[in-house]
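Asks: Now for the letters of each chain:
There are 2 protein chains.
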Amino acid sequence: MKQHLSRIRHTDLSRRIVSKEEAASWIQDGMTLGLSGFTRAGDAKAVPMALVERAKAESFQVDVYTGASLGSDIDKLMAEAGIVRKRLPFQADRTMRRKINDNDLLFVDQHLSHTAELIRNDVMNPIDYAIVEAVSITEDGTIIPSTSVGNSSIFVEKAKAVIVEINIAQPEAFEGMHDVYELAEQGEREPIPLTKVADRIGSVGIKVHPDKMKGIVLTNQPDSPSTIVPPDEETAMMAKHLISFLRKEKEAGRLPDHLAPLQSGIGSVANAVLHGLLDSEFTDLEVYSEVLQDAVFDLIDAGKVRFASGCSITLSEEKMKAVFSSIDQYKDRVVLRPQELSNHPEIIRRLGLIAINTSLEVDIYGNVNSTHVSGTNMMNGIGGSGDFARNAKLSIFVTKSIAKGGDISSIVPFVSHIDHTEHDVDVIVTEQGYADLRGLAPTERAPLIIHHCAHPMYREQLLDYYNEALHTRGGQTPHILEKAFSWHIHYEKYGTMLQQTFQYS
Amino acid sequence: MKQHLSRIRHTDLSRRIVSKEEAASWIQDGMTLGLSGFTRAGDAKAVPMALVERAKAESFQVDVYTGASLGSDIDKLMAEAGIVRKRLPFQADRTMRRKINDNDLLFVDQHLSHTAELIRNDVMNPIDYAIVEAVSITEDGTIIPSTSVGNSSIFVEKAKAVIVEINIAQPEAFEGMHDVYELAEQGEREPIPLTKVADRIGSVGIKVHPDKMKGIVLTNQPDSPSTIVPPDEETAMMAKHLISFLRKEKEAGRLPDHLAPLQSGIGSVANAVLHGLLDSEFTDLEVYSEVLQDAVFDLIDAGKVRFASGCSITLSEEKMKAVFSSIDQYKDRVVLRPQELSNHPEIIRRLGLIAINTSLEVDIYGNVNSTHVSGTNMMNGIGGSGDFARNAKLSIFVTKSIAKGGDISSIVPFVSHIDHTEHDVDVIVTEQGYADLRGLAPTERAPLIIHHCAHPMYREQLLDYYNEALHTRGGQTPHILEKAFSWHIHYEKYGTMLQQTFQYS
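Chains as they are written, first to last, in this note's numbering: chain A, 1 to 505; chain B, 1 to 505.
To be clear, the hints were calculated from the coordinates, so they are not data collected in a lab. Treat the hints with care, since some could be wrong.
To be verified - Quick partial rundown of chain B residues pointing at chain A, CB under 10 Å, derived from the structure: (1) K321; (2) R349; (3) S374.
What the hints assert, rightly or not - In silico negatives: residues of chain B with every beta carbon more than 12 Å from chain A: (4) E117; (5) I168; (6) P231; (7) R445.
Built from N, CA and C at the ideal position, the CB exists for glycine as well.
The following block holds chain A by itself, in its conformation from the complex:
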């Protein structure tokens, strides 16, 4: 307890400590909550758990806004307890996913840079309580976030009341690692003065008027570690192809030795691909991304990355131990910002990022589905991939060419849901190779994608579709609408997209 108290340096506020149960009791049916948390990092843990407890005896529902996905099974438990009416802008929990797809709760799949603007503009329900995790509160009442900033600063700014969870399992040494820049209203806004990845433009924490701080809850619970699957043969091949592409860009004089600031999506594939840079010739790299995963810290440790900017740090158990025990040595090489800054179109376009994101499926013209299985069922959400793909200098999507042992081709005639249009997709990388689509018309793109990215077992079938479409229908983007989704339908019926008896031409 004493250890907790030393973390609340504002005298008045140190008197507002309450139990998690008491804090949870303030929340009424129909309220909207803004919870800290971005990809399992820095999520508010105690009050949501107490809320789940309360639901055993009482019936209520709330809308839950976060940075991105939560850890500690909070999304799972809230979904099971049936207390969430609407959830946004991203989640990644299996149980919540099922509830979403069963239409037991409403999920709004938002670009991660958009949520803050919608809240600032009072478009969605006003936030009743911001509940944010912190490592400390300073003498002047500034909230020092823990492993993520996410949407916490806009939640605190706009919420009617604020509850802070001081988590002593999160090192106090995080103080000084954040850069919280507040944007004014649109139309009254100055240019964001960030021109280099390492620039610091804001304050070390989240300013809040002490009157709005309704209570402080003390906790001691680490973040859920990430569940990164180690690189495998295929992700190693994807990394190899990506690096070949970057090398070609360098040789053509389009990229310098230190490339351009890198963004990489969440997950094992993106992490593995980033890992591939460890053994490459590229050095003095910079990262301007949302989640900083193991690979980024491995690259820093290896002297490959000189600076990394993100809005959260999500690590495996082992890497978390290593990083957390020596945070001070990362402080001049890592910064955490609000997600509307990490994902801001102004910065992404200005810095000219290389954006690397994963896709569920890609079609022969380069449209990308990042979210929906068979066009209907939500996986996790678009996350920041649209923020980056739309405005980056290089928008790269990576995917294994097949899934389910070959029963699914990740390259299809027509994606069953579109999150990124062909206008926003520059390069596609699979373990088979890469297709550089920049400046190409659809009929130039299709053969490239089929020959370089599709799995050999599906190439002929794709060519059959493409050739029939080209020769019987033609047009800028040849398609046979009657057969556009036939691969998905075939999979639903027969468990495979491979159509051995079915000839297109």
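Since the structure of chain A is provided, determine the placement of chain B on it from the hints.
Replies: Here is chain B on its own, set in the frame of chain A:
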């Protein structure tokens, strides 16, 4: 001729006048040309025409980059002559469209803010000749564009050689109306210092080293006037619904009396909707758009719009006469910038634009098709709609609810091509009403769109699809893939989307 000469104030350059035939003779098979011109405004006219002439005796092909669509039948004549191998980033000519859809020429459908970055980054073929129209050349050799800036500044900067067409049919008084700001390379770029619509941040024309100026051609040919169809009953209803929505936003405190800077797409529908503001209570408006059409000048004349920023001026014959004869009185109220500035994500997001664009079709979840008829055939191109929709404060799409006398419903189960995903579409307006989709999940969106935007003759059929999808498939975005395109297929077969005998449920 004397009149022409007074427009070339740089002594050395005035000696480089050549005939259009001579200039055209410099262009070799396989070259890439960067032509001025944006939606019929300020296009290079003489040299492309001479090139078309040359093709009668000689076989050659070139790649043609422009700002957007061209006037004076140049796209038509070039397409007919077969001299275009690849064309980007936008066109709007019937003959060229047919050639594109017949795969006689390659068309790359690009976001209008992207072309300049791709050229700056040396991603596409280098430009051999920039051919740009101007009203004059100053003492220091600065090129003063005419009715559009478009991509001319990046073409001139990156081209190996420059040909200027001095067009005396374009008033010399345009000098002083442009604001040409040059962006540095990504990563070495400062924030764009524009924070208000009326800010001037660049120079009055395009700087070029005199050594690069290969020749000057004198011309006397007005821009092709726009072919705007006057407002009809349906566009008047759309304007009314749009204004109701804006009024509601104002009443909710989300917009001030002067709204936010307006962007409006090209074409009769967008022009008519903008026209609707003439009779509204909103005043002191600002426009930050790409094309400034008749409606914008009508709104300026009526004292409704205080300032308009664009990258081209495209007017009807009558309005052109009126505006061109009194340009000086518009100079403190109108500015023309390069299209990467008018369409720049940094500015669009900072200013918080209200973006109003037209769509070909919209689906029940809010995905928008702006470009492809029946999923395959290119209409014009995405233009700037993606630049604006993606980054605006309010992304509004307008469409009539039906086309071809009711045989086509503009609201369909699944759009046959996606240019704007549901993440980027806030409000849909038809003559039936509007649907405000912000902060809504797909299953909240569908009933709204069907009830408020679809034509009554298609509502039941849409509800049948939606309800069958919801109850038999479910998911975040319920769809029946077997039937997703059945409306389009039905139209192809029977000439109507109305399926009187076909029941979904």
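Asks: All hints are to be evaluated individually against the structure, with a verdict given for each.
Replies: Verification of the supplied hints:
| no. | hint | verdict |
| --- | --- | --- |
| 1 | K321 | violated (35 Å) |
| 2 | R349 | holds (5 Å) |
| 3 | S374 | holds (7 Å) |
| 4 | E117 | violated (7 Å) |
| 5 | I168 | holds (36 Å) |
| 6 | P231 | holds (29 Å) |
| 7 | R445 | violated (10 Å) |
In this structure, the earlier hints numbered 1, 4 and 7 are contradicted, and the remaining ones agree with it.
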